[in-house]
Amino acid sequence: MARLRKQIAGAALGIAVCLGIFLLASSGCKNTTTPDEKPRITVRNDCGIAVDIFMDGVYQFYLEQKEYLYIENVTPGKHTLEAKKKGTETLLKTVSAEISATSSYTWTIGSTASVTIINHYGEKLSVYGDGAYQTDLEDQESDLVQNVPYGEHLFEAKRPNQSEVLASTRIEVLGDNGYTWTITK
Numbered sequence: 000m001a002r003l004r005k006q007i008a009g010a011a012l013g014i015a016v017c018l019g020i021f022l023l024a025s026s027g028c029k030n031t032t033t034p035d036e037k038p039r040i041t042v043r044n045d046c047g048i049a050v051d052i053f054m055d056g057v058y059q060f061y062l063e064q065k066e067y068l069y070i071e072n073v074t075p076g077k078h079t080l081e082a083k084k085k086g087t088e089t090l091l092k093t094v095s096a097e098i099s100a101t102s103s104y105t106w107t108i109g110s111t112a113s114v115t116i117i118n119h120y121g122e123k124l125s126v127y128g129d130g131a132y133q134t135d136l137e138d139q140e141s142d143l144v145q146n147v148p149y150g151e152h153l154f155e156a157k158r159p160n161q162s163e164v165l166a167s168t169r170i171e172v173l174g175d176n177g178y179t180w181t182i183t184k
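So for the sequence shown, numbering that gives the first Met the number 0 puts the first residue at 0; every next one is plus one.
Among the hints, a few may not be true.
[Said to hold, decoys possible] Straight line, CA to CA, 35 Å or less: simulated DSBU-like cross-link-like pairs of lysine-lysine:
hint, residue 1, residue 2
1, 157, 184
2, 77, 92
3, 65, 157
4, 85, 157
5, 65, 85
6, 37, 85
7, 92, 65
8, 92, 37
9, 84, 157
10, 37, 83
These are calculated hints, taken from the structure and not from any lab test.
Using the sequences and the hints, build the whole thing.
The following block contains the structure:
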């Protein structure tokens, strides 16, 4: 009985050793029939609104603000990436990306839009954008608000240290353009 146990234990040990050697040897080998992994494109949305993403004119996915996703298995070469306002044909950004066979690509969609605010109201005003203080402007003075995210924004003018809104406007930012608001009575 003890001899049979030794034989079974010896056989099990032999099988375990052979299996271990096989696993170690095979982990270092690459199967030549398995294709290499293709590069991918990371798309990050930092522009302020939800966007639809297209590659070479073909819809890929949509991204909410501050989300990112991947376009997997991209063939090497030049590809056109587009970001459109979600659910519309309004083109916000486009980029031509050269993808190599050995590296991936990241595209971050951000806004470089600006709003020039000109005070022709006749007195000093405090300017607010989406409820946040931006600047004080003397009469006939102007200022530039930079990197305004895409989407609709409310701008308001008040007398300094007062809450009454004297003038306001809504500006829909759709693209890296320059926008202007002239404050008048």
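Verification of the hints:
1. As the CA atoms of residue 157 and residue 184 are separated by approximately 12 Å, the hinted pair is consistent with the 35 Å bound.
2. Of the supplied pair hints, the one linking residue 77 and residue 92 holds, its CA atoms being roughly 17 Å apart against a limit of 35 Å.
3. Using a Cα cut-off of 35 Å, the hinted pair residue 65 and residue 157 holds, with the two alpha carbons roughly 32 Å apart.
4. With a C-alpha separation of about 34 Å, the suggested pairing of residue 85 with residue 157 holds against the 35 Å cut-off.
5. A distance of roughly 14 Å separates the Cα atoms of residue 65 and residue 85; the hinted pair therefore holds under the 35 Å criterion.
6. For the given pair, residue 37 sits about 28 Å from residue 85 by alpha-carbon distance, which is consistent with the 35 Å threshold.
7. With a C-alpha separation of about 16 Å, the suggested pair residue 92 and residue 65 falls inside the 35 Å cut-off, and the hint holds.
8. In summary, the hint linking residue 92 to residue 37 is supported, as the alpha carbons are separated by about 25 Å, within the 35 Å threshold.
9. This hinted pair checks out: residue 84 and residue 157 have alpha carbons roughly 32 Å apart, not beyond 35 Å.
10. Proposed proximity of residue 37 and residue 83 is supported: the alpha carbons are some 26 Å apart, at most 35 Å.
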